[in-house]
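Colleague: Line order of the protein sequences matches chains P, U and H.
So that you can map any letter, position 208 of the first sequence is 208 in the working numbering, and since no number is skipped, the others follow by simple counting.
Counting the second sequence from 1 gives a position; the working numbering is that position plus 278.
Counting the third sequence from 1 gives a position; the working numbering is that position plus 584.
There's no promise every hint is true.
[To be verified] Sample of chain P residues lacking proximity to chain U, with all beta carbon distances greater than 10 Å (derived):
1) Val-24
2) Arg-42
3) Ser-92
4) Ile-107
5) Val-156
6) Ala-165
7) Asn-191
8) Gly-250
9) Val-260
[As the list claims (entries may be wrong)] Derived coverage of chain U by chain P (criterion: at least 3 residues anywhere in the stretch with Cβ under 8 Å from a Cβ of chain P; other residues may be distant):
10) 306-315
11) 417-427
12) 547-561
For the record, the hints were derived by calculation from the structure and aren't laboratory data.
This one's a predicted model, so the numbers in the text were calculated from it and none came from an experiment.
Glycine is no exception: its CB is placed at the ideal position from the N, C-alpha and C atoms.
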Amino acid sequence: MTGRFTPGIAAILGLLAIYVFVAVLAPWIVPHNPLRQILLLRLRPPLTYSPSAGWFLLGTDDVGRDLLSRVVDGARASLMVGALSVSVSLLSGTVFGLLAGWFRGWIAIVVMRIVDIVLSIPAILLAVLTVAVLGPSFANLILVLGLTRWPRYTRVAYAQTLQVATLPYIRAAEMAGAHAPRILLRHILPNIAGPLMVVATTEFGLMILFEAGLSFLGLGIQPPYPSWGSIMSEGQNYVASAWWMTVFPGICLFGVVLCVNLLGDWLRDRLDPRAQSR
Amino acid sequence: MLRHIAGRVGQAVVTTFGVLTLVFFLMRLSGDPTLLLVPQGASAHQIAILRHQLGFDRPLIVQYVAYLRQLLQGNLGTSLVQRMPVASILGSRIPYTIELAAGSLVVAVGIGIPAGVAMAVWRGSLVERSLAALVFAGQSMPTFWSGILMILLFGVVLGWLPTSGVAGLPSLIMPSIALGALSMASFARMTRIAVLDELSRDYVAAARARGLSLGAAVARHVARNAAIPVVTVAALEIGNLLAGAVIVETVFAWPGIGQLAIQAIAARDFLVVQAIVLFVSFVFIVMNLLADVVYAVIDPRIRLSS
Amino acid sequence: MSAALEVSDLRLAIGGVNVVDGIAFSVAPGEVMALVGESGCGKSLTAQALLRLLPRQVRQTGGRILLEGEDITALAERRLRQIRGRRISMIFQEPQAALDPLSPVGAQVREASGLASAAAREAVRRMLAEVGIADPDRRIDQYPFELSGGMCQRVMIASALISRPAVLVADEPTTALDVTIQAQILDLLRRLAAERGTAIVLITHDMGVVADIAERVAVMYAGRIAEIGPTAAVFSRPRHPYTALLLAAIPRLADEPKSRLAVIEGSVPQPSEYGAGCRFVGRCPFADARCNAEPPPLLETDEGHFSACWHTERLA
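Chain P on its own, in the form it takes in the complex:
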């Protein structure tokens, strides 16, 4: 919505690249083992130096772990959960949407009704319930986020497929004897990819927020492994005495989601045919 006034898409992409870089290289660039507790160095403020253990640039947490290392490692959890859950939902949602849009009739009715039903349970609650039933784990987290969000893509893919499928050249390809899977993959998918990418980008930001939220509630990444959400949950108990435990992971989380949302907006201006007409 900022149109051409977006403060430099290059800066946004650069920042996101740094996030990805840090997340991928986390095990090699953390200054300390993010799980190692030094009980003598509990709740130390940023820029603490210990002759035996070295620098703690962002301070330490309530059991004496290096906050910087935990925040860096948390980037890994955050981006991995975001990327994997978006992949799961994008893939499954698109397939259902393509099929419903192509076959129409009762298949479309059933699929779109299921979409309505899943979307009637607010996503956070659906995720909370499912994780609680299955038990929290990394795989369950991805599964749950993937399975609660696919209908968003299905709606878009369905609407777009309906539109594209009636275009003359698609009908021409059909009459020329091309099979449905080939038409769907070769002709329709490329045409609907733009709007789907826009949805996937905003969903990526949302999934990162969801992961942090679930971890904050104790239903996501399980201790002792760090996630921005769980670090902040631990930090909340010490908010008056150790502000750094909530402020730094929060800045990282806010920053990445902001970048993703700005990117999504930039993409929308370019890829969404409805936005272009405005």
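Given chain P, work out where chains U and H should sit, using these hints.
Modeller: Then chains U and H, alone, in the frame of chain P:
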């Protein structure tokens, strides 16, 4: 109009059944729902007895019918942990969540809609860019983080507002802002798009050609036309606010159903969790239905159709 | 008699290019004057400029617009609001889109009347009757979707004329309508112009419509006036090759069914392609070096009949 609304009611009923069915199967995803309901440390024998008492040893279809019948009678079951009807546990918490959701909605609507209108009317100006920054911030801010930051600033450092719990209106301010920010962003975005859409239409040019100012044209004509998509967002956002309460209520120790859900999960009181999910979904479906009724009232093309 | 509207040397620019480049015309009370041209010639922008309702990327870079002798180009927005709808008003191409779908049509007509509610309803009712809407008592409370396109255009005309403006700008008022309805609307406009002494500026691309209603016609090409004069004179003795080709392109009933529709070769140049000389040069059968170098001035060829062409005599 009645036929239109009747159709929507029919859809809502189907969706409600769908939600009930989905939750029924979700509760059985782990294989044995009995394990979700027993207090911790129960022996195998106790579990077997409970399984039989709750009917979880019966065929799935029988369980499903019993589950539907029970819920359709308005019976949410009895909590095995608290040994109280789930309905009364929920009932004591719902008013708090409604209070919080209402406060958040005031924040979201009160800021989001004027911001959206301003962004559309002053498109490309400094006004739009500043408001866009606000919208992006709201959209990207984790509720628990903004909540904790506000507690730190206004509660701990400045001491202006209570940091948690329920103590009249002041205690509602921070949770409402934390929870309302994301919805505020949605309202602003949707309103902006809806108003821009309408501003480009000929009837706006025609109204101005009649001597109306842009402001008067927006107030008299654009507002109502743009309200139609915004009402949809309102229905959607009320559902999101109720769900988002899970996190915000935990941060602020607000004794609504969101906090209850997390407490119930910790206490393995799954009938309560199930009831909360069903309740929020039901509210969401009813809100969507209401949105459809509102359309029909606003739009003569639906209102006057037979 | 003094002109109801007098436009002189009007220039409108988008991004530094004059897309309307020094056009001038005047309309007398009760007169219908047509501005005719292909899409992109600047006629719709001219219409919007007359009400000072230009899209924001368009700037007026020169010229004056005198409404009943008063220059409105320099007026503040507040004053303009008092003029719009009262002294100059406008109707649009798609009548149904030009009416707010959620307001009763009567309320939209009343909006232009500036009257309070009790007197207004009667005034609106009478105005609706005057533009030929049967059963105005019922129609007044109906919504645009309940009315046909032709009826919606009648409502638009009622809203445009209820305050008895001196000038009505009609931007392609019949293009979106069926042929029979088109004729009725044109009849109505002609009758109202005569009865009420309203000057009408009719924007159209259709020479048939021009012949049907306009007393005078200005033919626009690429932001300039190519030819202007009494309709009968322009149609019988066109003095600009563009006009001549436009007239030849009108299909006639007498034509052989198989005869090819005459079309003008080439297309209207984009503003970025405008050269130093005549802008019709790329499509003109008479184009020579002078045409390429120097823009032809608008000169009187017969009484009240002007043409901007170096080769007027070759059309005589």
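Colleague: Now tell me if each hint is right for this structure.
Modeller: These are the hints, each one checked on the structure:
1. Val-24: At roughly 22 Å from the nearest Cβ of chain U, P:Val-24 sits farther out than 10 Å, so the non-interface label holds.
2. Arg-42: The assertion about P:Arg-42 holds, with a minimum of 20 Å to chain U.
3. Ser-92: holds (16 Å)
4. Ile-107: Check passes; 17 Å lies beyond 10 Å.
5. Val-156: holds (16 Å)
6. Ala-165: holds (25 Å)
7. Asn-191: holds (23 Å)
8. Gly-250: violated (4 Å)
9. Val-260: Violated: least Cβ distance 8 Å, not greater than 10 Å.
10. 306-315: This one holds; 3 residues, not fewer than the three required, reach chain P with a Cβ under 8 Å.
11. 417-427: holds (count 9)
12. 547-561: holds (count 7)
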